[in-house]
Amino acid sequence: MDTRTDFEAFELWLGVKLAPELVAFIAQHGGGYVNDSSLLYAPSQLTDRNECYETKQYCPGWITIGVDGGPRQFVVAPTLRPAGVFAVDGGDMTEACFELVAPSLSEWKALGFPDEPGPNNSSKPKPLRGSA
Numbered sequence: 246m247d248t249r250t251d252f253e254a255f256e257l258w259l260g261v262k263l264a265p266e267l268v269a270f271i272a273q274h275g276g277g278y279v280n281d282s283s284l285l286y287a288p289s290q291l292t293d294r295n296e297c298y299e300t301k302q303y304c305p306g307w308i309t310i311g312v313d314g315g316p317r318q319f320v321v322a323p324t325l326r327p328a329g330v331f332a333v334d335g336g337d338m339t340e341a342c343f344e345l346v347a348p349s350l351s352e353w354k355a356l357g358f359p360d361e362p363g364p365n366n367s368s369k370p371k372p373l374r375g376s377a
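According to the working numbering, the sequence shown is numbered sequentially starting from 246.
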């Protein structure tokens with residue numbers, strides 16, 4: 246399968262079109278380690294990893310795009326609204342447990358793909374779909 250087909254298959258499974266910026270980011274950085282411990286999933290891994298972590302069930306409106314080398318997943322909104330990159334324990338995948346690691350994909354990259362919240366990144370995402 247080529248990258249475009251991988252993204253199309255994931256979007257079909259997800260039922261949401263990914264933001265073009267997210268597609269470009271994963272196409273460029275996915276499929277390998279971006280620092281000593283953090284792995285970003287390749288386009289061909291997105292469906293499998295999101296099924297494995299039951300992201301649609303436990304984090305509706307979010308997708309996992311990588312792992313920190315331990316138990317935490319990196320999650321984003323597929324439309325990048327909100328734009329932040331969050332970390333959450335794979336065994337507790339709820340918005341209430343999200344920790345902001347960067348306010349955007351580009352800032353996450355510029356910061357060296359940190360896997361921990363920075364001193365000014367303690368905010369939680371605004372609830373999606375009116376959930377609390």
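Wrong hints could be hidden among the right ones.
Below, in silico cross-link-like pairs of lysine to any residue (SDA-like), each with a Cα-Cα straight-line distance of 20 Å or less [what the hints assert, rightly or not]:
1. K354 x S282
2. K301 x S282
3. K354 x E266
4. K301 x K354
Just so you know, the hints here were simulated from the structure itself, not pulled from any lab data.
Outcome of the hint check:
{"no.": "1", "hint": "K354 x S282", "verdict": "holds, 14 Å"}
{"no.": "2", "hint": "K301 x S282", "verdict": "violated, 25 Å"}
{"no.": "3", "hint": "K354 x E266", "verdict": "holds, 13 Å"}
{"no.": "4", "hint": "K301 x K354", "verdict": "violated, 26 Å"}
The structure fails to meet hints 2 and 4 from the earlier list, while all remaining hints are met.
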